[in-house]
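Asks: Sequence:
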Amino acid sequence: MKLYNSLTRLKEEFEPLSEPNVGVYVCGPTVYGHSHLGHGKSYVSFDVLIRYLRHLGYNVRYIQNITDVGHLTDDADAGEDKIEKQARLEKLEPMQIAEKYTRSYFDDMDALGILRPDVSPRASGHIPEQIELIKVLIENGHAYEVDGYVYYSVASFPGYGKLSGRKLDDLVAGARVSIDQGKRDPKDFALWKKAGDDHILKWNSPWGWGYPGWHLECSAMAMRYIGDTLDIHGGGLDNIFPHHESEIAQSEGANGKQFVRFWLHNNMVTVDGQKMGKSLGNFTFLKDIFEKYNPMVVRLYILRSHYRSPLDFSDMGLDSAKSGLGRLIAFRSRLGQKPLETDQEPSKETAILIENTRTAFHEFMNDDINTPGALASIFELIRAGNGILDRDDTPPDRAALAIIMDELARDILGLDLTGGNSSTEETAVLCGILAQTRGILRENRMFEATDLMRDKLEAIGYTAKDLPGGKSEITRK
RNA sequence: GGCGGCGUAGCCAAGUGGUAAGGCAGUGGACUGCAAAUCCACCAUGCAUCGGUUCAAAUCCGAUCGCCGCCUCCA
1 MKLYNSLTRL
11 KEEFEPLSEP
21 NVGVYVCGPT
31 VYGHSHLGHG
41 KSYVSFDVLI
51 RYLRHLGYNV
61 RYIQNITDVG
71 HLTDDADAGE
81 DKIEKQARLE
91 KLEPMQIAEK
101 YTRSYFDDMD
111 ALGILRPDVS
121 PRASGHIPEQ
131 IELIKVLIEN
141 GHAYEVDGYV
151 YYSVASFPGY
161 GKLSGRKLDD
171 LVAGARVSID
181 QGKRDPKDFA
191 LWKKAGDDHI
201 LKWNSPWGWG
211 YPGWHLECSA
221 MAMRYIGDTL
231 DIHGGGLDNI
241 FPHHESEIAQ
251 SEGANGKQFV
261 RFWLHNNMVT
271 VDGQKMGKSL
281 GNFTFLKDIF
291 EKYNPMVVRL
301 YILRSHYRSP
311 LDFSDMGLDS
321 AKSGLGRLIA
331 FRSRLGQKPL
341 ETDQEPSKET
351 AILIENTRTA
361 FHEFMNDDIN
371 TPGALASIFE
381 LIRAGNGILD
391 RDDTPPDRAA
401 LAIIMDELAR
411 DILGLDLTGG
421 NSSTEETAVL
431 CGILAQTRGI
441 LRENRMFEAT
451 DLMRDKLEAI
461 GYTAKDLPGG
471 KSEITRK
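Residue 333 in this note's numbering sits at position 333 of the first sequence, with consecutive numbering throughout.
Accuracy of the hints is not assured; some may be wrong.
[To be verified] Per label pair, the in silico range of CB-to-CB distance:
1) G208 / F241: 25 to 35 Å
2) K135 / F379: 47 to 57 Å
3) E345 / G273: 49 to 59 Å
4) K477 / Q436: 17 to 27 Å
5) G273 / H199: 34 to 44 Å
[Claimed, not checked] As a list, the in silico DMTMM-like pairs of lysine to aspartate or glutamate whose alpha-carbon atoms are at most 20 Å apart:
6) K322 / E291
7) K471 / E443
8) K477 / E425
9) K287 / D416
10) K322 / D288
11) K91 / D198
12) K465 / E448
13) K135 / D110
14) K275 / D315
15) K471 / D451
16) K292 / D319
17) K465 / D390
18) K183 / D169
19) K194 / E132
20) K477 / E426
21) K322 / D312
22) K471 / E458
23) K287 / D107
24) K100 / D288
25) K322 / E380
26) K85 / D197
27) K348 / D393
28) K2 / E363
29) K162 / E12
30) K135 / D147
31) K292 / D312
32) K257 / D228
33) K135 / D228
34) K287 / D312
35) K322 / D343
36) K287 / D110
37) K100 / E90
38) K322 / D416
39) K278 / D319
40) K477 / E291
Everything labelled a hint here was simulated from the structure, so no lab data went into it. Bear in mind the structure is a predicted one, so any value in this text is a computation, not a measurement. Where is the CB? At the ideal position from N, CA and C, for every residue including glycine.
With these hints in hand, go ahead and build the complete structure from the sequences.
Replies: Here it is, written out as structure tokens:
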């Protein structure tokens with residue numbers, strides 16, 4: 001499998017450091033508000049990566065942090081902690097805010113069919129690790145303390161800028177960060193910040209009461225749960241600088257080993273061509289979208305574009321994805337919900353179709369997780385599969401098509417296609433009775449009654465469809 | 001200003017040298033009492049514009065125009 005590595009700016013063949021284990025770390029959310037579509041895109045993208053790696057047989061350890069301290073609202077040292085600020089607004093304890101929005105985050109991610117990370121470490125739960133890391137960096141000469149603050153000396157790490165392509169000189173010129181608290185160089189960033197009396201989230205340290213800088217937690221927790229070198233580190237494009245650049249400086253500065261082998265970055269969600277972000281205030285919460293659309297619509301919408309391309313948000317786009325999902329669900333539903341028990345082989349035509357689909361699907365996925373292409377292969381399977389079943393519908397063909405659909409669409413792309421069939425046994429029986437009645441009415445050409453039945457059923461979300469041969473079928477839309 | 005990316009049909013979107021995937025919408029046909037679903041057919045002689053390299057360019061090179069991201073917290 002090839003993955004685009006932001007570090008080398010090349011698609012490279014992925015091989016883990018020690019087969020079959022793969023250590024993946026993805027920057028998680030800062031939990032001071034509900035998740036928006038941008039979070040959805042990011043975590044759906046990495047979810048598919050994780051699912052595919054596991055499908056290929058790798059033993060993946062997936063770590064995704066929860067930032068509940070240290071993330072400031074403003075530039076380097078002047079801002080307020082985001083969690084504390086939100087706590088003030090909602091009149092809650094900071095840790096209540098963190099807990100509230102952590103739960104909200106997982107609710108939304110669960111709805112999107114995103115598999116939970118193996119570990120979701122909290123920054124506030126790993127202060128000792130972060131303090132230890134700072135100590136090492138001070139000993140190494142990469143960090144220095146000034147009056148309760150500890151700064152990373154960017155000039156001490158020659159590799160600074162290798163991920164973002166930034167030159168140190170340009171950084172100085174562009175730096176809007178004020179020189180304060182005795183910082184030796186405007187490029188330097190804080191590892192530990194002194195906390196005043198008004199600060200609630202604070203810990204004791206060798207440098208007095210304070211709290212960690214934002215970049216530090218990811219270095220500390222990634223190394224704690226995976227080791228010195230990660231196979232893959234993911235995150236949003238907007239975190240390349242300064243966050244990921246600083247993670248490299250911290251981790252490699254501490255132990256001299258390569259921190260990350262593959263850096264993967266997903267592109268942004270835009271609204272009217274502009275980035276969806278909290279600072280612009282143009283974000284749409286996932287919860288609001290879910291009011292109107294099945295979360296699987298959102299997942300499909302995200303997967304229809306490549307993770308490294310921007311995704312422009314629009315209702316038209318969601319409507320289009322909704323129609324597409326309907327087609328996926330209809331096809332899967334046609335194949336039967338329970339795997340058919342059959343020893344018979346599918347027809348040769350079906351077997352060839354399935355093999356071609358599998359090959360095409362994997363070629364797309366192996367090329368830097370090309371989900372639009374992978375989806376295209378599934379839609380081609382649907383068209384051809386429907387054609388086969390229209391001509392000759394046999395249980396072995398249906399079973400074989402169901403298996404490939406579940407493997408590709410459900411297990412790898414994470415699309416739950418059971419949507420239309422969440423009915424209980426009782427409603428299934430009732431639908432059967434209505435269908436039978438409809439058949440009799442049609443037989444007697446009582447179309448006024450059949451049309452009325454269809455309209456009423458439509459109104460409550462059911463579809464009446466008449467099959468060749470006089471039989472009818474009532475299903476949930 | 002520095003660094004990076006993008007511009008493909010009405011909309012969305014793959015495709016990095018060999019002659020334009022797929023989805024949505026639309027059109028015609030089959031099927032139907034009418035529908036829905038499904039199938040078949042059609043739907044970009046052209047990939048922002050102009051030039052160049054090549055037997056061959058959406059793909060490589062140059063220029064131009066337009067858009068976006070990062071450089072400050074953001075997935």
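Asks: If you check each hint against the structure, which ones fail?
Replies: Result: hints 13, 35, 39 break, sorted rising.
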